[in-house]
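**Student:** Sequence:
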Amino acid sequence: MRATALFMPTVKEDPADAEAVSHKLMVRGGFVRQFASGIYVMLPLGWRVMQRICRIIREEMDGIGALELSMPTLHPADVWQASGRYDAIGQEMFRLQDRGGRDMVLAMTHEEVFTWLASRELRSYRDLPQIWYQLQLKFRDEPRPKGGVLRVREFLMKDSYSFDLDDAGLEESYAKHIGAYDHIFQRCGIDIYRVESDSGFMGGAQAHEYISPSPAGEDRIALCEACGYAANVELARSVAGGTDGLEALLKSDEEPEGPPREVATPETRTIDEVSGLLGVLPAAIIKALVYMAGDQPVMALVRGDHDLHESKLARYLRSEVRAALPEEVLAATGCEVGFVGPVGLPEGGRLRVVADESLRPATQCGGEDGATPGSLARPREYAAGANKPHTHLVGVVVGRDFQPEFADLREARAGDGCPQCGQPLRIEQGIEVANIFKLGTKYSTPLGATVLDEGGKERPIVMGSYGIGPARIAAAAVEQSNDERGIVWPKAIAPFDVHLVQVQVKDAAQSEVAAAVHDALSAEGWEVLWDDRDERPGFKFADAELIGCPVRVTVGKKAAQGVVEIEARRGGAREEIPAVDCGSHVRRLWEAAS
RNA sequence: CGGGGUGUAGCGCAGCCUGGUAGCGCGCAUCGUUCGGGACGAUGAGGUCCCGGGUUCAAAUCCCGGCACCCCGACCA
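For the record, in the first sequence the residue sitting at position 230 is 469 according to this note's numbering, with numbers rising by one throughout.
Because the hints were derived from the structure by calculation, they are not lab data.
Not one of these hints is a red herring.
Calculated cross-link-like contacts (lysine-lysine; reagent style DSS-like; alpha-carbon spacing at most 30 angstroms):
| id | residue 1 | residue 2 |
| --- | --- | --- |
| 1 | K377 | K263 |
| 2 | K745 | K251 |
| 3 | K251 | K263 |
| 4 | K251 | K796 |
| 5 | K385 | K251 |
| 6 | K797 | K745 |
| 7 | K796 | K745 |
| 8 | K263 | K385 |
Here are the computed distance ranges between Cβ atoms for each label pair:
| id | residue 1 | residue 2 | range |
| --- | --- | --- | --- |
| 9 | F246 | S276 | 23 to 31 angstroms |
| 10 | D546 | A570 | 23 to 31 angstroms |
| 11 | V502 | E410 | 55 to 63 angstroms |
| 12 | P498 | P685 | 52 to 60 angstroms |
| 13 | R383 | E410 | 34 to 42 angstroms |
| 14 | E258 | E774 | 28 to 36 angstroms |
| 15 | S276 | H422 | 31 to 39 angstroms |
Glycine included, every Cβ here is placed at the ideal spot set by N, Cα and C.
Throw the hints in and build the complete structure from the sequences for me.
**Tutor:** Structure follows, in structure tokens:
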């Protein structure tokens with residue numbers, strides 16, 4: 240394709256509102272333009288990338304026997320009411336009414352419609368299994384779109400849904416998807432970690448996310464090099480480390496003498512302040528946080544050097560949680576924020592107290608079912624808020640001075656021990672490009688999607704759902720593969736295979752050779768972008784590097800001798816080759832490219 | 001939803017504090033010179049200064065209200 244016949248509005252300067260590298264480069268390279276917050280135009284180059292990604296996805300989905308179809312994006316509310324999500328999901332769902340005043344929604348995902356279809360059309364176990372998929376728009380009214388195309392309000396998604404008679408069938412469909420996804424990401428040329436993920440506190444079935452490492456990503460994952468354990472930090476269990484200097488506190492199994500003692504700590508609210516004033520390590524302080532679970536206050540405890548992960552608390556409590564307002568803290572504990580603690584709570588108060596496993600006394604460790612690993616070394620006595628203004632307690636002993644529930648609440652951090660093998664965990668940041676869920680009968684039961692089994696018994700279909708965000712794959716690829724000059728597309732998803740730069744458009748010999756090269760490569764099946772614009776050479780080279788096609792062929796001074804240059808975008812030598820041989824040289828560089 | 005920031009030519013920005021002629025770079029148009037790493041000169045087009053209200057002889061500039069967009073946090077089938 241001739242550049243003069245293409246619309247590729249490249250720009251020299253970074254857009255002012257871009258933060259992520261991929262955002263800047265995709266705007267500068269003429270791939271995308273923002274239309275409104277979280278809503279993007281895919282320009283011709285960007286759309287070509289998307290089409291290539293989608294093609295790979297289609298091939299791999301077809302390869303596991305999945306069937307493509309297309310579902311509506313405008314849904315009547317009643318399907319969503321039937322699944323319960325019309326009320327469960329808040330403002331993230333775009334809602335509207337039709338002229339007759341009927342409630343409608345813009346689809347943010349398609350479990351309901353697919354299940355609706357299954358409920359009408361699948362009747363017998365003989366109709367199973369099925370995997371149906373589509374590449375379709377999703378609408379989510381994100382509170383804060385960001386990162387260019389990474390977090391948006393309208394986006395393309397490949398979503399597939401499996402329908403099986405039983406759990407064994409679901410396992411098989413799930414495994415098929417894992418196989419297909421491995422191929423897809425490998426072919427798209429992006430690095431990926433498949434990690435255990437939160438299936439949401441309503442489900443509880445197994446789920447995985449595919450995280451592509453990038454500083455622009457919003458997810459953090461915990462990884463163990465030694466045994467392969469990998470999980471999103473919102474889920475990851477870990478053995479708390481970082482207790483240097485505390486081992487001494489553990490040595491004695493004797494009861495510490497005396498009850499907790501009050502210490503005046505005026506205007507000392509944060510862990511750092513308390514630590515400084517009392518001369519105690521943060522790890523020997525109990526951090527007490529008050530949350531509202533629905534309308535019930537709950538006190539959550541973690542070690543002072545740890546961070547609470549709210550979704551872990553939410554999952555444990557089986558309720559959405561939010562930090563309590565200062566007046567709610569006062570109502571629940573009788574004390575102002577900054578000095579609350581688990582000891583000395585109001586008599587008769589019903590404040591539920593949940594402590595992280597790392598606070599569990601050594602004597603209570605182990606032996607309990609489902610106990611998650613606690614801490615390698617833990618203090619015997621802690622400092623904690625006294626529930627009196629400007630006062631803390633020291634010498635607090637968990638289990639003696641108060642008896643909380645224990646749960647895994649803290650966020651895993653780098654250096655913590657792997658819950659499986661104890662080796663140190665690594666934390667990596669990344670983009671969630673895909674996810675897979677075992678839904679079970681969560682949708683089939685309420686929506687009445689059942690089949691008759693061999694015995695003539697009606698059974699709800701066992702479902703799975705599986706998503707991929709093609710634009711996120713593109714962004715992840717750019718994040719992982721770029722240099723100071725621009726994008727270095729993985730070859731399978733580049734907008735064109737070959738960028739043919741004709742240095743002098745008005746030079747007859749160059750025009751002739753460029754045309755011949757273009758035609759020859761095209762005839763061999765390469766997609767060629769022929770820059771025939773009347774621009775200065777430097778301008779065109781800069782654009783070629785910005786746009787990032789894997790192979791560049793330059794037709795310049797030596798065209799009259801039938802000589803052109805070829806080089807890989809990823810780097811390496813720039814070679815002079817006979818124009819007539821460009822096919823084999825392109826093939827060679829292509830094979831070498833990633 | 002909390003906190004912060006921005007809104008002036010297609011893009012990137014200055015001007016605002018201290019009210020009075022709207023400016024710079026890039027891009028764009030025409031002509032000429034250039035032509036292997038984002039050229040140079042000349043000429044030119046292009047503005048509801050986000051919107052509404054107020055103060056003032058006079059508002060891009062000061063005041064009030066709104067909107068949009070960005071960033072941090074919260075949220076995130």
